[in-house]
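Peer 1: Spelled out, the chains give:
There are 2 protein chains.
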Amino acid sequence: MRVRKKHIDVYTEIDKIDNYIRKSLKANQQVLTDAVNDLLFAGGKRLRPAMLMLAGRFGKYNEDKLIPLAATIEMIHMATLIHDDIIDESDMRRGRPTTRNRWGNSTAVFTGDFILARAFSIITQSVSQKSMHHISSVIKGICEGEVDQFQSKYEPSLSVIHYLKRTARKTGMLFSLSCQIGAEESRCKKDTVHFLSKFGLDFGVAFQISDDIIDFFGDQNKAGKPLCCDFVEGVYTLPVIYAMEDSKFKDQLAEFIGRKNLTVNEVEEVGRLVGVNGGMEKSRIMAGRYLKRCCTSLDNLPNIPAKRILHEFVEELTCRY
Amino acid sequence: MRVRKKHIDVYTEIDKIDNYIRKSLKANQQVLTDAVNDLLFAGGKRLRPAMLMLAGRFGKYNEDKLIPLAATIEMIHMATLIHDDIIDESDMRRGRPTTRNRWGNSTAVFTGDFILARAFSIITQSVSQKSMHHISSVIKGICEGEVDQFQSKYEPSLSVIHYLKRTARKTGMLFSLSCQIGAEESRCKKDTVHFLSKFGLDFGVAFQISDDIIDFFGDQNKAGKPLCCDFVEGVYTLPVIYAMEDSKFKDQLAEFIGRKNLTVNEVEEVGRLVGVNGGMEKSRIMAGRYLKRCCTSLDNLPNIPAKRILHEFVEELTCRY
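Keeping their order, the protein sequence lines are chains A and B. In terms of my numbering, the first sequence opens at residue 220 and continues consecutively. In terms of my numbering, the second sequence opens at residue 220 and continues consecutively.
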């Protein structure tokens, strides 16, 4: 899933955002600069900043104003990725060693803090007080979502509702924020801000569900990390939660739930069990429901080229899992 | 060293600041609330917020305006302590288990982020854009200082200058910021802001040197953590750097430098060697030099009761090591 060049030159904008990030994150410590460059070089879809720029087109679009904001959103995302990898003890992301793997947990902790501090520094120069307050609240929400996920590790009785609420915090809120800030800072109408923000939230949840599906059934090379790694780490995502709803499969899965140090064969068996009982199918349906909501939000927005690209995002996400 | 009640009721102010922090850090996740309460209950001197409140008295003092700012500064300090303990793999602080020890590194990472995000949220509502930008820069500097310390671990050839520069970043800047923000947000004259800010920076460096002296030669119970733990972790502070300046002691210390897993007897021997060659004495002289600079800054400030308390801080720090 890459942001396609069409009526709007999203590629060029993203290059500008990357350059802005690179410039903003120059540090006195070489290791900080290296860690940042490594993350930027590793790619990633830059969906959040792209959405911010697109949302801005629904109002008085001002590229010079929006690029620092889009960079900030991506920087917050980068910081949470780095800290997330510490929590999850992940060694690989986007097919490359994680910051914690390459430089150790300790450097990763302060690299994340450094990026956050720089993001705030840019924000203080660029946005309204209201937006700043909103950004802080979203980071708070992401932290709560992450801590909730960690606290629920190896917990066998998670509900779908619990998963969705956590996912909205962990992933949805930052997508929603991207759309909202882009729209608000471009002085969109209240209604437009509302539907763009809602679009972002629903898209973010669908995106996370698709990520969780791919973790089970995806192509290891495409995923850039080993399969079922959430399950191995005790993070039971939507496909597992659905699988556990069926008492027959629950019994079969029970021996793997709550256990650490699963063998490769056991992990494969878990993937098979979650798959055959429809854990993947039900998760796909749920992701589809969120993507449908995205389309409803888009229906309420004016027909401008940016809307078509947001539609494409939805279509591409549908093809992803 | 406790903030003494005298002409100004610093105790009551600190209680108000603690309450403000407690109220601001209520989270949806119980573990976050618990971690925060644990940190607050563990005590600590609240020197930074106390200095901010005192600095405010050199201008148009407004308690309601300054308390949220003082709380924010302490929250930033708390967040860096939590992340610092992850880097240093510390199990004890202020005589109690650290957040990472009690709840694990993972929860500690996001507890720190959560506190930082909340701190920013308060700042965005309370201070000028200039102060906000300044606060972000200080957090960036702290991160650089921390990463520098980590990168220099087990490095035998650190210079005094390198140590002092790092210490200014790691500790001095936040003290300086406390004084500066308190003064600026109370509309002090430019000169007053300058000397208060300078006072804070020098005090912070002296404070860190005294901490590093206590790590070697202090009372383990008072320190609230094992002695020489910096050395054991490969962090060579001022007493060691001075000891290494003497070629005779350098040779004697050489067998312990760069080594991990020192035995208790070896650690004691290191402490003895650093002590007998005057590593402690030279460090005390350096701390004294910074405290003298603090007094010079105070000489340039108007004679108000707050100045006497800042003088007391200097005297009490002198008695500390």
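Where hints are given, some of them may not hold.
Pairs count within a copy or across copies, as identical chains cannot be separated in the list.
Unchecked claim - Restricting the straight-line Cα-Cα distance to at most 27 Å, the calculated cross-link-like pairs of lysine-lysine (DSS-like) are:
#1 Lys284 x Lys349
#2 Lys242 x Lys384
#3 Lys245 x Lys372
#4 Lys372 x Lys235
#5 Lys284 x Lys469
#6 Lys384 x Lys245
#7 Lys511 x Lys526
#8 Lys242 x Lys501
#9 Lys372 x Lys384
#10 Lys409 x Lys279
#11 Lys235 x Lys469
#12 Lys284 x Lys501
#13 Lys245 x Lys469
#14 Lys409 x Lys384
#15 Lys409 x Lys526
#16 Lys479 x Lys242
Quick caveat, the hints were computed from the structure, so don't treat them as lab data.
Peer 1: Check the structure against each numbered hint from earlier and tell me which ones fail, lowest number first.
Peer 2: 4, 5, 8, 11, 12, 13 and 16
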